[in-house]
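Just so you know, the protein sequences line up as chains A and B, in that order.
What the first sequence shows, in the working numbering, is residues 1 to 472, in sequence order.
What the second sequence shows, in the working numbering, is residues 1 to 353, in sequence order.
Don't read these hints as lab results, they were simulated from the structure.
Predicted model only: the values in this text are computed from it and were never measured.
Heads up, a few of these hints could be off.
Computed Cβ-Cβ distance ranges for the label pairs, DEER-style [claimed, not checked]:
| no. | chain 1 | residue 1 | chain 2 | residue 2 | range |
| --- | --- | --- | --- | --- | --- |
| 1 | B | 202 | A | 180 | 57 to 67 Å |
| 2 | B | 42 | A | 442 | 29 to 39 Å |
| 3 | B | 60 | A | 63 | 38 to 48 Å |
| 4 | B | 190 | A | 27 | 53 to 63 Å |
| 5 | B | 193 | A | 87 | 56 to 66 Å |
The beta-carbon is built from N, C-alpha and C at its ideal position, and this holds for glycine as well.
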Amino acid sequence: VVFNSLTFAVFFTIVLILHSLPFRWTVKKFNLLVASYLFYAAWNPPFVLLLMISAAVDFFLAKWMDRTERASARKVYLITSLVLNLGLLGYFKYGSFLLDNFVRLAALVGIRYQAAAPDIILPLGISFYTFETISYLIDVYRRKIKPWNSFLDYALFLTFFPHLVAGPIVRAGDFLPQCYSARRATAAQLGWGLSLLLIGLFEKVVLADSLLAPVADTAYDAASRAACGDAWIGTLAFSGQIYFDFAGYSTCAIGAALCFGFVLNDNFHFPYAAIGFSDFWQRWHMSLSRWLRDYLYIPLGGNRHGERRTHVNLLTTMLLGGLWHGASWRFVAWGGLHGSYLIAERVLRRVFRNDAWAEMWLLRMLVALLTYFLVCLSWVFFRAKDFASAFELLTTMFERPLMLSLVTRTNAAWVLGITAGLLLTHGMLRNSSLEEAVKHWPWWFRAIGLALLMIGLALAPGDDRAFIYFQF
Amino acid sequence: VLSSTSNSNERLPTGPWGRTWLLAVCLAVLGLGLGEGLWRARGFRPILRDDADFWCWARSTVKGHDPDQVVLIGASRILMDIDTETWAECFRGRKPVQLGVTGSDCVPVLYHLSKDRTFCGILVCDVAPGGFFQGIYPRSGIQAEYVKKYATRSALASEEQYLRLLVQQASVLRQPEIDFREFLPLLVWHGRLPRPQLRYNTILPDRSVRGDYTGIDVAPIIERGVRQSQTAGPVAPEQLRKDLSSVEEMVTRIQERGGEVVFVTFPNSGKRRAAEEGLFPRQRCWDILAAHTKAITIHYRDYPDLARYECPDGAHLDYHSAVPFTKALALLIKDKLHARSHPRNTLQVCGSS
Chain A
1 VVFNSLTFAV FFTIVLILHS LPFRWTVKKF NLLVASYLFY AAWNPPFVLL
51 LMISAAVDFF LAKWMDRTER ASARKVYLIT SLVLNLGLLG YFKYGSFLLD
101 NFVRLAALVG IRYQAAAPDI ILPLGISFYT FETISYLIDV YRRKIKPWNS
151 FLDYALFLTF FPHLVAGPIV RAGDFLPQCY SARRATAAQL GWGLSLLLIG
201 LFEKVVLADS LLAPVADTAY DAASRAACGD AWIGTLAFSG QIYFDFAGYS
251 TCAIGAALCF GFVLNDNFHF PYAAIGFSDF WQRWHMSLSR WLRDYLYIPL
301 GGNRHGERRT HVNLLTTMLL GGLWHGASWR FVAWGGLHGS YLIAERVLRR
351 VFRNDAWAEM WLLRMLVALL TYFLVCLSWV FFRAKDFASA FELLTTMFER
401 PLMLSLVTRT NAAWVLGITA GLLLTHGMLR NSSLEEAVKH WPWWFRAIGL
451 ALLMIGLALA PGDDRAFIYF QF
Chain B
1 VLSSTSNSNE RLPTGPWGRT WLLAVCLAVL GLGLGEGLWR ARGFRPILRD
51 DADFWCWARS TVKGHDPDQV VLIGASRILM DIDTETWAEC FRGRKPVQLG
101 VTGSDCVPVL YHLSKDRTFC GILVCDVAPG GFFQGIYPRS GIQAEYVKKY
151 ATRSALASEE QYLRLLVQQA SVLRQPEIDF REFLPLLVWH GRLPRPQLRY
201 NTILPDRSVR GDYTGIDVAP IIERGVRQSQ TAGPVAPEQL RKDLSSVEEM
251 VTRIQERGGE VVFVTFPNSG KRRAAEEGLF PRQRCWDILA AHTKAITIHY
301 RDYPDLARYE CPDGAHLDYH SAVPFTKALA LLIKDKLHAR SHPRNTLQVC
351 GSS
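Just chain A, same shape as in the assembly (with noise of 0.2 Å):
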């Protein structure tokens, strides 16, 4: 069961009306576990063991951590919870790359090994739910949160289908607060909920999926026929198939907790229109990014050991966020082009720091293109199939004359035109916030907007795509 499916509108209409009988709180919460553990099963119904197991070990790890004073002791726990974890994610995310690699490191000093294919399937949402599990655990120990008693919560902030399998990466201190009370969405957190819900399909469904996926898959899957009109033109639609699938996501976790009452974090704030790559993180997967800010960047040192410590902070941290969204050197790489990026910035920021043009408004616009520029660029590694493919789509990039050969005419205006939109809505929108424009549409106009969103939807070829965040 995904969002842009027909068989979640029928799961999430029962559970939503499930939600709403006058059950006792508990018995409402368990509706939720089991409603998300169906939706997980949907899948690959084994794979839910998998998620009981790593639910029941950290809650009782936590616990147990939390009776005992002795410092080794609490290390023990952690670093239990810590090799358990990150083992299952690296055996079933990383086991074939690692296992590849060794074999090309093996070759490389003449030991011919030929391993056989572990042929390991991946757990849907996997690295989603183990960092937020990590996340609980560390907090524990660093006492920032106390272990929470009930398991039947801990399990709903671990397993809650909105966003169990892509995110956001939400925290047990935001989370299991909210499981106290009783909740039961306002007629206004149901009308904004189900809004985000569409909001978010359209995005996927008719953006995303059948408009800009189809050009990209052209420029990416034919690399070597690209000519400089089709690699910018696929790399563009790239850029926004990324962001409309996954920000996509996100608004709809968002909105379906919302409709059962439940606040989930902001994922994505108008990250198009940074102007700079320590504001591009802050508005791009933002619960990655503070994930990766308190749990990683922070202990390695972050910015307290001096400008050079700093630095290698900064790339150890964007190098591993990028190994996170998959077991592939591109992702390494596009990581690391992301770390050099924020270091050449913070190195700038220094030179310029008390320079007056440099908050000259057309200088920071000039800045915010850059910065979409480079991050165009730097999604080249993050789609090609390999590095050879990448750097030919760079190259090409820049080469003349500017011509299609690939993409046709009707497609690359297409991707022209939501780009355009997409830049100018994230420009007019980055200091404000959907909900700020949309408090000022009288009601019927907001009904227009709402059907010509479920038009769309319904027109929409219906071509079957994953999330792409479903791999990570």
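Please arrange chain B on chain A, whose structure you already have, making use of the hints.
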């Protein structure tokens, strides 16, 4: 700027949401209803989409451990030439499962079902010379993609496909010819909307295809088919023997479980037949397969009851011919199974005891 811990609930737009949603749904229903009417008035009708999900749904209906299960695999000829209703009348009311895929060959699905230890039914394979004798690739091509998708489909994929079929059957807006990516630019730049194409192949809910060439100019279809037939020809004899040995391993696996495999060459006519027979001479292709395999083999030209039909486009039967052709083929297969004293000789085939 919002913080990383801000949320939508803090900024919740208030207002009469009940009224808003009611109006939105009414407007959407009205808009879609008008669209539906407009497209239907232009001659469009709902059609089903034959894609990987539809194939996976059909595959999921293949029952394991069922010796009476009949599965049809191959390309467009088996999709159009077999009338599944007629087949069902012949085989105790049981329809065959239609797993043919247009523009492909049967080997990847033959391989897939041979590896499925629960499959012990009758597998009818459409041997289109263009694919089968040009080198076999059990793990590549469109059918292999479908097989891969089947292995990784979600537990609710069948229910999802069932709902999709309901929507596709009910609404003209879901049909592929009405694609807003195509008609919006056409409308904006040329001020017109598309007209429906005259279709000769209608996809039915069991995935079989009904051919109806009434009013169709078949000459361009025949020419296209002849052009497509102008390929490299069969592989070298040594390679063919290797390929057939691989195929035979698949056949043997199914037969060892009590199943049966039937290779069939379906009718072709006119220029298309001349082109195919010129490029893939029977004695260098089909006869070698027939001599090499333990499976049942049926070449339509060997049986007058199968050979008396003309293919309007040179390669497929229309639905008028598909009905008697299916009866004749079903009878023949039953006879062949009887001749082998096959355990499945209890099958009640049409007109015979």
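Would you say the C-beta atoms of residue 60 of chain B and residue 63 of chain A sit inside 38 to 48 Å of each other? About 44 Å separates the Cβ atoms of residue 60 of chain B and residue 63 of chain A, which means 38 to 48 Å holds.
Against the range 29 to 39 Å, how does the distance between the Cβ atoms of residue 42 of chain B and residue 442 of chain A compare: consistent or not? 36 Å, holds
Does the Cβ-Cβ separation between residue 202 of chain B and residue 180 of chain A fall within 57 to 67 Å? Holds, since residue 202 of chain B and residue 180 of chain A (Cβ atoms, about 58 Å apart) stay within the stated range.
Lying within 56 to 66 Å: is that true of the beta-carbon distance residue 193 of chain B to residue 87 of chain A? 58 Å, holds
So the hint says 53 to 63 Å: do the beta-carbon atoms of residue 190 of chain B and residue 27 of chain A match that? At 59 Å between Cβs, range holds.
The structure is consistent with each of the numbered hints, conforming to all of them.
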